[in-house]
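Asker: Could you slot chain Y onto chain X? The hints should help.
Residue numbers (numbering that gives the first Met the number 0), protein chains in the order written: chain X, 0 to 133; chain Y, 0 to 134.
Don't read these hints as lab results, they were simulated from the structure.
Careful, some of the hints might be misleading.
[Said to hold, decoys possible] Covered stretches of chain X (chain Y as the covering partner; in silico rule of three or more C-beta atoms under 8 Å from a C-beta of chain Y):
1) 0-11
2) 23-34
3) 42-50
4) 71-82
5) 106-117
6) 122-128
For each residue, glycine too, the CB sits at the ideal point set by N, CA and C.
Here are the chains, one letter per residue:
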Amino acid sequence: MGGVLIGASAVLLLWLSGRILGVSGIVGGLLAAPRKDRAWRLAFLLGITLGGAALLLIDPSTLPGRLPEPWPIIVLAGLLVGYGVRAANGCTSGHGVCGLGRRSWRSLAAVVVFMTTGVLTAQLVRPLLVGGGS
Amino acid sequence: MRLAAPLLVGLLFALGLGLSGMTRPERVLAFLEFRDPGLLLTMGGAATVTLLGFPLVLRRGRPLRGTFVLPKRSDIDRPLVLGAALFGVGWGLVGLCPGPALTGLVGGSPQVLLFVLAMAAGMFSHHVFTERQPS
Numbered sequence: 000m001g002g003v004l005i006g007a008s009a010v011l012l013l014w015l016s017g018r019i020l021g022v023s024g025i026v027g028g029l030l031a032a033p034r035k036d037r038a039w040r041l042a043f044l045l046g047i048t049l050g051g052a053a054l055l056l057i058d059p060s061t062l063p064g065r066l067p068e069p070w071p072i073i074v075l076a077g078l079l080v081g082y083g084v085r086a087a088n089g090c091t092s093g094h095g096v097c098g099l100g101r102r103s104w105r106s107l108a109a110v111v112v113f114m115t116t117g118v119l120t121a122q123l124v125r126p127l128l129v130g131g132g133s
Numbered sequence: 000m001r002l003a004a005p006l007l008v009g010l011l012f013a014l015g016l017g018l019s020g021m022t023r024p025e026r027v028l029a030f031l032e033f034r035d036p037g038l039l040l041t042m043g044g045a046a047t048v049t050l051l052g053f054p055l056v057l058r059r060g061r062p063l064r065g066t067f068v069l070p071k072r073s074d075i076d077r078p079l080v081l082g083a084a085l086f087g088v089g090w091g092l093v094g095l096c097p098g099p100a101l102t103g104l105v106g107g108s109p110q111v112l113l114f115v116l117a118m119a120a121g122m123f124s125h126h127v128f129t130e131r132q133p134s
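Same shape as in the complex, but just chain X (with noise of 0.2 Å):
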């Protein structure tokens, strides 16, 4: 169900504004992309907010709450995926959800590399800096 609000989202922005759902793209190009195409980026962000803010009225369980790493695994992967998604131009939705609709091969060869050392880091990584659980 959820997913299926997730491609029709894709499928609206791209009808509605002819762009791209992907969201390091939208939040990226708030640094690269000319200053008057800046408006409809926050507006998506705004959005974004906002859905989160629903949710958090509907069910507060449905948002992340403490996370049990520490905070300089945090901080490591926040720059992994901020640097990550940039290089690769995509990330989840713009390469897995988007690409994969374009049948861009370019996303499919992203989707199976990130996809494959999120699988490693989760199954061997993790555990070693995390500890058991999760």
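Answerer: Frame of chain X, contents of chain Y only:
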């Protein structure tokens, strides 16, 4: 209208992430550890909708407003593979990717805020790095 569309879409997207469990890092980690296949259905469902919906939208030739802005590249180059690999490592460490992290900010978790600040720093460092070395 120009800004109402992305605002509404952002809201729907965040609701979709929240209702599917993508905004809960423990669910994402369970998925990556093969303990919970639920998110496979979420991602498969989302990609199925775009797979069916995108061709219908693109066939119209233009969106309701403006023009289509689509990625043009099709090559699989080093930055794509290395970037995706680094992203996956960060994702597997805490179970957050950009959309769910930004959606989760309003929950007030200081660790999520820390993650988002680090993510912004990572994006900024890439911006600075590529500005200095135009490819």
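Asker: Now tell me, hint by hint, if it's right for this structure.
Answerer: These are the hints, each one checked on the structure:
Only residues whose C-beta sits within less than 8 Å of a C-beta in chain Y count toward coverage, and the region 0-11 of chain X has 12 of them, enough to reach three; the restraint holds. Counting residues of the region 23-34 of chain X whose beta carbon lies closer than 8 Å to any beta carbon of chain Y gives 5, which meets the minimum of three for the stated coverage. Residues of the region 42-50 of chain X with a Cβ under 8 Å from some Cβ of chain Y number 9, which satisfies the need for three, so the listed coverage holds. For the region 71-82 of chain X, the stated coverage by chain Y holds: 11 residues have a C-beta nearer than 8 Å to a C-beta of that chain, and at least 3 were required.
Interface restraint, the region 106-117 of chain X with chain Y: holds (9 residues with C-beta to C-beta distance below 8 Å; minimum three). Coverage of a stretch by a chain is defined here by at least three residues with a beta carbon nearer than 8 Å to that chain's beta carbons; for the region 122-128 of chain X and chain Y the count is 4, and the condition holds.
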